[in-house]
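S.K.: Residue numbers (the working numbering), protein chains in the order written: chain D, 8 to 253; chain C, 8 to 253.
Some hints could be false.
One copy or two, it doesn't matter: identical chains are merged, so the pair holds either way.
Here are the simulated DSS-like cross-link-like pairs (lysine-lysine), alpha carbons at most 30 angstroms apart as the crow flies [said to hold, decoys possible]: (1) 43 - 201; (2) 201 - 118; (3) 46 - 32; (4) 43 - 141; (5) 118 - 141; (6) 43 - 10; (7) 121 - 201; (8) 10 - 121; (9) 10 - 46; (10) 141 - 46; (11) 37 - 10; (12) 141 - 37; (13) 10 - 118; (14) 201 - 46; (15) 43 - 32.
Quick caveat, the hints were computed from the structure, so don't treat them as lab data.
What you are looking at is a predicted structure, and each value in this text was computed from that prediction instead of being measured.
Number of protein chains: 2
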Amino acid sequence: MTKILSPEELEAELRAIGAERYHDKHPFHKLLHGGKLNKGQVQAWALNRYCYQSAVPRKDAALMSRCYDRELRQEWAHRITDHDGAPGEEGGIERWLALTTGLGLDEDYVKSMKGALPATRFAVEAYVNFVREKSMVEAVASSLTELFAPKIHEERISGMLEHYDFIDDSVMQYFRRRLTQAPRDAGFALEYVKQHARTPEAQAGVLDALRFKTNVLWVQLDALYLAYYDPGMIPPGAFVPAEQDG
Amino acid sequence: MTKILSPEELEAELRAIGAERYHDKHPFHKLLHGGKLNKGQVQAWALNRYCYQSAVPRKDAALMSRCYDRELRQEWAHRITDHDGAPGEEGGIERWLALTTGLGLDEDYVKSMKGALPATRFAVEAYVNFVREKSMVEAVASSLTELFAPKIHEERISGMLEHYDFIDDSVMQYFRRRLTQAPRDAGFALEYVKQHARTPEAQAGVLDALRFKTNVLWVQLDALYLAYYDPGMIPPGAFVPAEQDG
């Protein structure tokens, strides 16, 4: 790409990447939300996704550790507490653990990440390292999958409540909270990227950063599909669901 | 060192390092608090020290970015907002800028760090890198100069108010606030280190981390002494005070 995009054109390109590559297009997502999985498969999804959730504060701290702009750090700091919580105040990771516990998984086992798929761990740590190493505007851009998150969260809430008798509203609080958190954060990050990516090279970096991040999410569903759905090749050491009733 | 120390012995060794090496022992500190400096020299101190203040949130974010322990991250997060503030809420860096502005320095010049001594910049970034690279318990231990900070802050407040007619109470808020913040943080970090440094090697690392940090602080006063006091060799590009009245 040699031409510079207007901020509006850049936003349109970013949104096009989401339309093509966000993991709501993944077959495993459709199976999950369409009620086509059994409890063991939903457990596998939730315990793998814990790895991602628990890495997000490290990722956001990595961004802040490289950021010389105090206003950007001020704006970014609440992302860490949104996920980590504060002493005596529940955060997103605890809400995620309410989901895994509600699904019958042992909390210490989930937190140990011992049963997670290696592909999940690699993808998640690649995300943390990306933010640690790339330019600030690329690091910010890699968060922009949040632009597309509200739709997937809404689908999750309604689809999973409707289709699975082992899911009730109390374990879906993580997604409800993200319905308000994600758009606020994504709006800020989008404006930042539109303002600060002012050369063709920077804009190409921003678009690649979002593609990279969609890969981080996609890879995780690929790995779940292969291990737990079709053909069901669970790698050595990974979580093995108990015998399923239905 | 081959013998393992009890937690109490480790604390005693840490406190002995402070007694020997903390920068309240530095001649420039004594000059500053004893009213022996002119306004230009106090300006030089304040604008150099800004580099350190403004790096602290990056240092704390670097620690959190490497920390897999959610409880430790929860406990650490407020350090960032203590310094950075939050949108609409003043933090330590702004309180420091109130001091530099009160001393007659241009805020943009201070924030640019262009007039700071190279030795200051190198020392400060060495601190950020130390926390980025060393073990978690060493990273935590490097914050332990806060154990010794309340005394120096009290001396600063009383000494500087008493001796300098260009200093008034309104610009000393940074130090007043740190009188309560530093002991709380230092207490937590000390307990963490005493609990988690359980081998002779880890304990040696912790003691070295605190020595390293005292060096980070000491080097900054050495550089100020040389450049602005005796013999007054200001390096090329560094801040040059205006002619002094007295």
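S.K.: Give a verdict on every hint.
M.R.: Each hint, compared with the structure:
1. 43 - 201: neither (40 angstroms within a copy, 51 angstroms between copies)
2. 201 - 118: For residue 201 and residue 118, the Cα distance is within 30 angstroms only across copies (25 angstroms; inside one copy 37 angstroms).
3. 46 - 32: within (22 angstroms within a copy, 65 angstroms between copies)
4. 43 - 141: neither (39 angstroms within a copy, 47 angstroms between copies)
5. 118 - 141: Answer is both; intra-copy 28 angstroms and inter-copy 24 angstroms each pass.
6. 43 - 10: neither (45 angstroms within a copy, 60 angstroms between copies)
7. 121 - 201: between (40 angstroms within a copy, 29 angstroms between copies)
8. 10 - 121: This pair counts as neither: shortest intra-copy Cα distance 47 angstroms, inter-copy 35 angstroms.
9. 10 - 46: Cα proximity of residue 10 and residue 46: none, with 50 angstroms in one copy and 53 angstroms across.
10. 141 - 46: neither (39 angstroms within a copy, 42 angstroms between copies)
11. 37 - 10: neither (37 angstroms within a copy, 59 angstroms between copies)
12. 141 - 37: Cα proximity of residue 141 and residue 37: none, with 32 angstroms in one copy and 44 angstroms across.
13. 10 - 118: neither (46 angstroms within a copy, 34 angstroms between copies)
14. 201 - 46: The answer is neither: 42 angstroms in one copy and 44 angstroms across copies each exceed 30 angstroms.
15. 43 - 32: Classified as within: same-chain Cα gap 16 angstroms, cross-chain 70 angstroms, threshold 30 angstroms.
In this structure, the hints that do not hold are numbers 1, 4, 6, 8, 9, 10, 11, 12, 13, 14, in rising order.
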